[in-house]
Every structure is written in C-alpha cells, then in structure tokens.
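Enquirer: Next come the chains, spelled out residue by residue.
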Amino acid sequence: MNLGWLAAGIAVGFAVLGVGIGLGIATAKSSEAIGRNPDAAPLIRNNLILGAGLAEGLGVLSLVVGILLIFLTHP
Amino acid sequence: MRTIDKALTSLSPLPLLGVLAAIDIAMVLVGWVLYGLPTWPDITPSRILNLLTGEPLIRIVGDEISISNSLITMWIVMAILILLAYAGTRRLALIPGGLQGGLEVAVQTLVDFVVDTGGPAAAKYVPLVGTLFLFILLSNWLGVVPLVGQIPLLHAPTADYHITLGLAIVAFVGYQAEGIRTLGRGYFKRWLNLESFKEGPFLGGLLIFVGFIEFLAEVIRILTLTARLWGNVFGGEVMLVVMAAVLYVVAIPILLPFAGFEMFIGLLQAVIFSILTLLYFVLATESHEAHGESDENHATTTKEESHA
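Just so you know, the protein sequences line up as chains A and B, in that order. Those letters in the first sequence? Residues 1 to 75, per the working numbering, in order. Those letters in the second sequence? Residues 1 to 308, per the working numbering, in order.
What the hints contain is simulated information worked out from the structure, not anything from laboratory work. Computed from a predicted structure; not experimentally measured. Even glycine gets a Cβ: it sits at the ideal position worked out from N, Cα and C. Worth double-checking, as some hints may not be accurate.
What the hints assert, rightly or not - Cβ pair distances, simulated, as ranges: (1) 82(B) / 58(A): 47 to 53 Å; (2) 246(B) / 2(A): 19 to 25 Å; (3) 24(A) / 95(B): 46 to 52 Å; (4) 261(B) / 10(A): 40 to 46 Å; (5) 58(A) / 264(B): 34 to 40 Å; (6) 33(A) / 15(B): 48 to 54 Å; (7) 33(A) / 198(B): 39 to 45 Å; (8) 115(B) / 39(A): 18 to 24 Å; (9) 5(B) / 2(A): 43 to 49 Å.
Turn these sequences into a full structure, and let the hints steer you where they fit.
Expert: Next comes the structure, spelled out in structure tokens:
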C-alpha cells in the first residue's frame with residue numbers, strides 16, 4: 001500500500017473541488033451579465049473563456065502533483 | 001464535398017450499423033488473436049517517465065538530448081503547416097480559389113481576434129500569436145488521430161513537457177524583450193520601485209516586497225504555461241486510453257464523444273495559450289505607473305472604454 005497513491009487522490013480531489021466551485025461561480029456571473037446585456041455577449045464570452053482557462057490551469061497543476069506523487073513515491 | 005454529403009445521407013441506418021458492428025467485432029477478434037485476452041498493463045518504473053514525455057528513439061547524449069518520437073511528430077506538424085502555406089500562396093490570385101480562400105479566412109479570423117483582444121496596436125503580434133495558435137492546435141489534434149500515441153514512432157508533441165516548455169520560454173522571452181524594448185529601463189519599475197521611498201521608508205519597503213512577489217508571479221508564468229498545456233493534452237491521452245480499456249468491446253463507437261471532447265479541449269488550450277501570450281505582450285508594453293492593480297483584464301477593459 002503506497003501512501004503516495006492515496007496522497008495523489010486527495011490532492012487532486014481537493015484541487016478539483018476548488019476549481020469546480022470557481023468555474024461554476026464564473027459561469028453563473030457571466031451568464032447573468034450576458035442576460036443583462038446581450039449585445040456584449042462576445043466580450044463577456046471572451047472573458048469567461050480566459051478565466052476558465054486560467055482556473056483549469058490550476059487544476060492541471062494539481063494533476064502534475066498527482067503524477068509526481070504516483071510515480072516518484074515508493075512504499 | 002456535395003457528392004460525399006449526398007452519399008452519406010442516402011445510406012439507411014440499419015445496414016450501416018451492421019457494417020460498423022462487424023468491423024468492431026473483427027477488430028476485437030484480431031486483437032484477441034494477436035495479443036490474447038486483455039490483462040493488467042505491465043508498467044515498469046524505468047519506462048514511466050518516458051511515457052510522460054515521449055520516447056527517445058535516436059540517442060545523441062544520454063536520454064535527454066535525443067531524437068524522440070514527439071520530435072518526429074513535431075517535424076510532421078511543421079511539414080503539414082509549411083506545405084499548407086506553400087500550396088496556398090504559390091499562385092496568389094486577386095479572387096482566391098479554394099485553398100487560398102480558406103487560408104485568407106483563417107488569417108483574417110486570427111487578426112480579428114488579436115485586434116479585438118489587444119487593441120489595434122497589437123496587430124504586430126499576429127505572426128507570433130497566430131503561429132503559436134496553429135502549431136498548438138495541430139499538435140493537440142494530432143493526439144486524437146488513431147495511430148499517434150499507440151505506435152512508438154509517433155507521439156503528440158504537446159503531450160511532451162519538453163516541447164511545451166520550449167513554447168513557454170519562447171513566449172516569456174518574447175514578451176520580456178518587447179517590454180524592455182518599449183519601455184527601456186522603466187520596465188523594471190513595476191518590480192523595483194525606488195521612488196516610493198520618497199513617501200516614507202515603510203511604504204518603500206512594502207512596495208519592494210510586493211514587487212518581489214510580483215516578479216515571482218511573472219517567472220511562475222513559464223511553469224503555468226507549460227503545465228497547463230501539457231497537463232491538458234497528456235491528461236486527455238490518458239483519458240482516451242483508459243476509456244478505451246474500460247469500454248473495450250464497444251470502444252470504437254462509444255469512444256467518439258470522448259475523442260470529440262479531447263478535440264474541444266485541444267482547441268480551447270490552443271486559444272488560451274495564444275491569448276495569454278498576447279495579453280502578456282500587451283501588459284508588458286503598457287506603462288505601469290498606476291501600480292497596485294494588475295488584473296489580466298486590463299487590456300480588454302481599455303478596449304471597451306475606447307468603444308464607449
């Protein structure tokens with residue numbers, strides 16, 4: 001039983017929790033903004049895509065941590 | 001195209017389904033005959049880090065300086081892009097034919113996107129940003145193509161963190177050089193703000209500390225650019241392999257939505273890499289007098305103000 005594998009699961013789980021909540025809030029706010037001002041939809045969509053990409057990058061950093069934990073720890 | 005459309009829509013679904021099921025069962029049987037029943041994969045630790053990057057095929061110095069399969073696939077990507085560009089611009093006509101028209105649409109979309117995000121002065125960054133976008137897009141999409149990643153000769157370039165590190169270093173050095181070239185020595189004021197000492201030593205010390213943290217955040221950009229692109233593409237590869245293993249018999253039809261999702265992620269990551277590079281360029285070249293607010297949306301908000 002390699003504790004590194006358990007650590008990898010916990011790390012990625014918590015990170016994706018934060019990313020999921022953040023992206024949900026971002027999408028909700030941008031949908032509300034588009035609803036208020038449909039003419040500005042491309043600008044708002046660009047900001048949403050940019051913010052989503054940045055937040056997903058943080059989630060991917062946790063994936064890197066998980067991979068390092070899986071492959072570089074030995075029981 | 002029209003004849004292909006007509007042929008595809010005139011097929012009746014049930015015989016087509018039967019043909020697809022027959023092909024599926026034939027491939028599963030061939031796999032059983034050649035490789036036996038599926039077993040748990042045998043991963044030895046020495047090969048694991050090569051799985052993350054791409055295997056070296058021709059070693060020059062040890063394992064690191066070598067011609068790896070991701071390098072060969074990158075040459076294939078470069079060849080495709082160069083051949084497309086060459087074939088499309090060989091005989092430039094005022095009223096463009098098929099390939100030249102398609103290339104014109106692509107270039108016009110890129111220029112519009114860049115000018116939309118960065119302002120009219122950002123048009124000089126279109127070659128770099130456009131090249132990054134096209135290269136990363138084609139590399140990501142090559143990871144979904146059937147043979148790439150399965151045979152030892154081909155490996156998606158952006159699924160190899162060496163190549164994405166190279167792209168990130170190009171973007172980083174590019175925008176730092178552009179910032180220094182535009183602002184001169186005043187470029188470093190955003191980190192080392194010695195004039196704030198006039199208003200008191202405490203404020204000066206605090207701003208030096210803040211500048212140091214911001215400098216670290218700038219250098220971290222290399223790491224985030226690399227890891228975001230590499231993690232998404234490599235994670236997509238892992239997801240495709242795992243889903244194919246899980247679905248196993250019905251993998252061939254049911255894997256298509258996963259491949260589609262992987263293509264969407266590839267497109268999204270290419271857009272994000274290029275737009276972030278463009279934003280870094282714009283942020284580096286604007287004069288940073290109002291220190292304290294460094295949001296990434298500064299460029300887009302100034303564009304909106306100039307519209308209103």
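Enquirer: Please go over all the hints and tell whether each is borne out by the structure.
Expert: Verification of the hints:
1. 82(B) / 58(A): 47 to 53 Å: 35 Å, violated
2. 246(B) / 2(A): 19 to 25 Å: 23 Å, holds
3. 24(A) / 95(B): 46 to 52 Å: 49 Å, holds
4. 261(B) / 10(A): 40 to 46 Å: The hint (40 to 46 Å, Cβ to Cβ) is violated, given that residue 261(B) and residue 10(A) are roughly 26 Å apart.
5. 58(A) / 264(B): 34 to 40 Å: At roughly 20 Å between Cβ atoms, residue 264(B) and residue 58(A) fall outside 34 to 40 Å, so the hint is violated.
6. 33(A) / 15(B): 48 to 54 Å: Since the Cβ atoms of residue 33(A) and residue 15(B) sit about 50 Å apart, the hinted range of 48 to 54 Å holds.
7. 33(A) / 198(B): 39 to 45 Å: Holds, at about 41 Å.
8. 115(B) / 39(A): 18 to 24 Å: Given about 19 Å between the Cβ atoms, the range holds.
9. 5(B) / 2(A): 43 to 49 Å: About 54 Å separates the Cβ atoms of residue 5(B) and residue 2(A), which means 43 to 49 Å is violated.
The structure shown violates the earlier hints numbered 1, 4, 5, 9.
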